[in-house]
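Which chain is which? The protein sequence lines are V and A, in order.
Numbering-wise, our numbering puts 35 at position 34 of the first sequence, and it's gapless, one number per residue.
Numbering-wise, our numbering puts 156 at position 155 of the second sequence, and it's gapless, one number per residue.
One or more of the hints may lead you astray.
Here are some, though not all, of the chain A residues that point toward chain V, as calculated from beta-carbon distances under 7 Å [unchecked claim]:
(1) LEU106
(2) VAL108
(3) ALA127
(4) ASP131
(5) GLY134
(6) ALA141
Residues from chain A that face chain V, not an exhaustive set, calculated with beta carbons under 7 Å [as the list claims (entries may be wrong)]:
(7) ALA18
(8) ALA24
(9) ARG27
(10) LEU28
(11) ALA30
(12) HIS33
(13) PHE37
(14) LEU95
(15) LEU109
(16) ALA152
(17) ILE162
(18) ASN238
Calculated from the structure, these hints are not laboratory results.
Only a predicted model underlies this, so the values are computations on that prediction, with no experimental measurement involved.
Cβ coordinates follow ideal geometry from the N, Cα and C atoms, glycine included.
Number of protein chains: 2
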Amino acid sequence: MDPTRRIERALRAQIDAATEKDAPPRLAAALHHAVFPGGARIRPRLCLAVAAACGDPLPDLTDAAAVAVELVHCASLVHDDLPCFDDAHLRRGLPSVHRVFGEPLAVLAGDALIVMAFETLARAGAAAPDRLGRLIEVVARGLSVPHGIIAGQAWESEPRIPVVAYRRAKTAALFEAAAVAGALAAGHDGAAFRLFGQRVGEAYQVADDILDVTGDPSALGKPVGRDAPLGRPNAANDLGVHGSRHLLEQLLGAALDSVPPCSRKSELDTWVRETASKLLQAGRRAPCAQDAPSH
Amino acid sequence: MDPTRRIERALRAQIDAATEKDAPPRLAAALHHAVFPGGARIRPRLCLAVAAACGDPLPDLTDAAAVAVELVHCASLVHDDLPCFDDAHLRRGLPSVHRVFGEPLAVLAGDALIVMAFETLARAGAAAPDRLGRLIEVVARGLSVPHGIIAGQAWESEPRIPVVAYRRAKTAALFEAAAVAGALAAGHDGAAFRLFGQRVGEAYQVADDILDVTGDPSALGKPVGRDAPLGRPNAANDLGVHGSRHLLEQLLGAALDSVPPCSRKSELDTWVRETASKLLQAGRRAPCAQDAPSH
Numbered sequence: 002m003d004p005t006r007r008i009e010r011a012l013r014a015q016i017d018a019a020t021e022k023d024a025p026p027r028l029a030a031a032l033h034h035a036v037f038p039g040g041a042r043i044r045p046r047l048c049l050a051v052a053a054a055c056g057d058p059l060p061d062l063t064d065a066a067a068v069a070v071e072l073v074h075c076a077s078l079v080h081d082d083l084p085c086f087d088d089a090h091l092r093r094g095l096p097s098v099h100r101v102f103g104e105p106l107a108v109l110a111g112d113a114l115i116v117m118a119f120e121t122l123a124r125a126g127a128a129a130p131d132r133l134g135r136l137i138e139v140v141a142r143g144l145s146v147p148h149g150i151i152a153g154q155a156w157e158s159e160p161r162i163p164v165v166a167y168r169r170a171k172t173a174a175l176f177e178a179a180a181v182a183g184a185l186a187a188g189h190d191g192a193a194f195r196l197f198g199q200r201v202g203e204a205y206q207v208a209d210d211i212l213d214v215t216g217d218p219s220a221l222g223k224p225v226g227r228d229a230p231l232g233r234p235n236a237a238n239d240l241g242v243h244g245s246r247h248l249l250e251q252l253l254g255a256a257l258d259s260v261p262p263c264s265r266k267s268e269l270d271t272w273v274r275e276t277a278s279k280l281l282q283a284g285r286r287a288p289c290a291q292d293a294p295s296h
Numbered sequence: 002m003d004p005t006r007r008i009e010r011a012l013r014a015q016i017d018a019a020t021e022k023d024a025p026p027r028l029a030a031a032l033h034h035a036v037f038p039g040g041a042r043i044r045p046r047l048c049l050a051v052a053a054a055c056g057d058p059l060p061d062l063t064d065a066a067a068v069a070v071e072l073v074h075c076a077s078l079v080h081d082d083l084p085c086f087d088d089a090h091l092r093r094g095l096p097s098v099h100r101v102f103g104e105p106l107a108v109l110a111g112d113a114l115i116v117m118a119f120e121t122l123a124r125a126g127a128a129a130p131d132r133l134g135r136l137i138e139v140v141a142r143g144l145s146v147p148h149g150i151i152a153g154q155a156w157e158s159e160p161r162i163p164v165v166a167y168r169r170a171k172t173a174a175l176f177e178a179a180a181v182a183g184a185l186a187a188g189h190d191g192a193a194f195r196l197f198g199q200r201v202g203e204a205y206q207v208a209d210d211i212l213d214v215t216g217d218p219s220a221l222g223k224p225v226g227r228d229a230p231l232g233r234p235n236a237a238n239d240l241g242v243h244g245s246r247h248l249l250e251q252l253l254g255a256a257l258d259s260v261p262p263c264s265r266k267s268e269l270d271t272w273v274r275e276t277a278s279k280l281l282q283a284g285r286r287a288p289c290a291q292d293a294p295s296h
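Bound conformation, chain V alone (with noise of 0.2 Å):
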């Protein structure tokens, strides 16, 4: 099945389980409004290429660790966007979650998905008792304290920010995440994809500071020039949008590097060149929706 159709579906199925009956109807609509329509669902998307590389044997459980990621990457989407931290009022093209249910169902909303992330693989682990404890490890790690995204939003409270640590645990930690829950779900070594997630995550992270930058928030569908203001690093405001992309070009080389040995090594090759080409495309020009990294 196709990737964007797999993951829709994955998503939906989910979603619609914990809203369809007895839930409160505006936190079920809170909860559909925070993760469709989706942005590039580019987390998602690595887990299942990495699973596919490994040869995908239980696709259940690899769509769980999909829809894992991809949850609980909405979930700190949510909450970024309250007015304590982004005030962001856009997101996706559509007004955010706090802007349509007020912020009591958005910090809820948030917390709901990042429970659901861990239902998900419990229910989908009874297939593989054996790599659910991992599966749960991995994911929890690149949401949490002190390496994942949480630590990473956290480190923008701290007087002086370690732009290396800030960087690797506000987006990479994810994107490792998917890349070793990936290789997991299929019966692979996941250490073994921890670098190349990482890097996969960092190249990306750079699209996106380049397009804080340069891009078109109508095109984006969020709104752009946050970081200086806000005081985040951007490497796109600390090199310039020429050293930037420069860069961009070194992460995407160190990922393609970093593909360790599986089964169909090739096609997740290929999945890298053409991931590169969208953001190198979105590094260069006023981007359309559809090739810029979106969260």
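Use these hints to put chain A onto chain V, whose structure you have.
Relative to chain V, chain A alone:
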């Protein structure tokens, strides 16, 4: 080991492991503040009491279940205290997390505590992989949509609150999870403990409602009289203090009647009687913090 020491030691180990190295220092401090010093820790106590009644053959797994339940409870307190919900300045006798660390770190600390709950279970689950999936599902169910404490809080954002569903979700769901998780961790039939857990939770909620009307904020370490102005259902407001005390007695009797067969049933009966006595005392007089339901 004494349950109090056992719970505090297990919680401390989990929080220290996440925060001792590399974590953003203010987030680390917020996590400690959110969990220590604790309240009555009644949910993890319930979890340990049920596991003990079932023989408790894997105490580390039981500890993880108790920690998971308490961490998600602490997360819910941190988020419920936020200005967009209760705007509570005081919790467990100290300034609430957002009053000390600001709203961004309060949101992130709550998020991190939810993730850490599942991380704790995943790590300990290596000792019994066949039980891990069910344990995660049970804790998630107590927390999530449609029936858990997140849904319970979300009912407060609806124009009309269905009182039975609200009460069950807002408090009883996590007590149910604590009881079922304790049984599962001990290799017992978790479902047999659902009704028992619910009834303990319903009794606790009524005792808490009475304290919201009659309690002393300095003894309780949190504000009182919040339910009426916030439009929240409260048994003592609905039935009067006398009527709600009667309901509390009924619920405690029902909890005792619903203890299912287990190898050390008499110990669990004793636990229920002792807990009932504390809750009834709390419902009868301005309580001291030791006896009172304390979140």
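To see whether the hints hold, each was checked on the structure:
no., hint, verdict
1, LEU106, "holds, 5 Å"
2, VAL108, "holds, 6 Å"
3, ALA127, "holds, 5 Å"
4, ASP131, "holds, 6 Å"
5, GLY134, "holds, 5 Å"
6, ALA141, "holds, 4 Å"
7, ALA18, "violated, 10 Å"
8, ALA24, "holds, 4 Å"
9, ARG27, "holds, 6 Å"
10, LEU28, "holds, 4 Å"
11, ALA30, "violated, 11 Å"
12, HIS33, "violated, 11 Å"
13, PHE37, "violated, 16 Å"
14, LEU95, "violated, 20 Å"
15, LEU109, "holds, 5 Å"
16, ALA152, "holds, 6 Å"
17, ILE162, "violated, 9 Å"
18, ASN238, "violated, 21 Å"
Checked against the numbered hints given earlier, the structure breaks hints 7, 11, 12, 13, 14, 17, 18 and satisfies all the rest.
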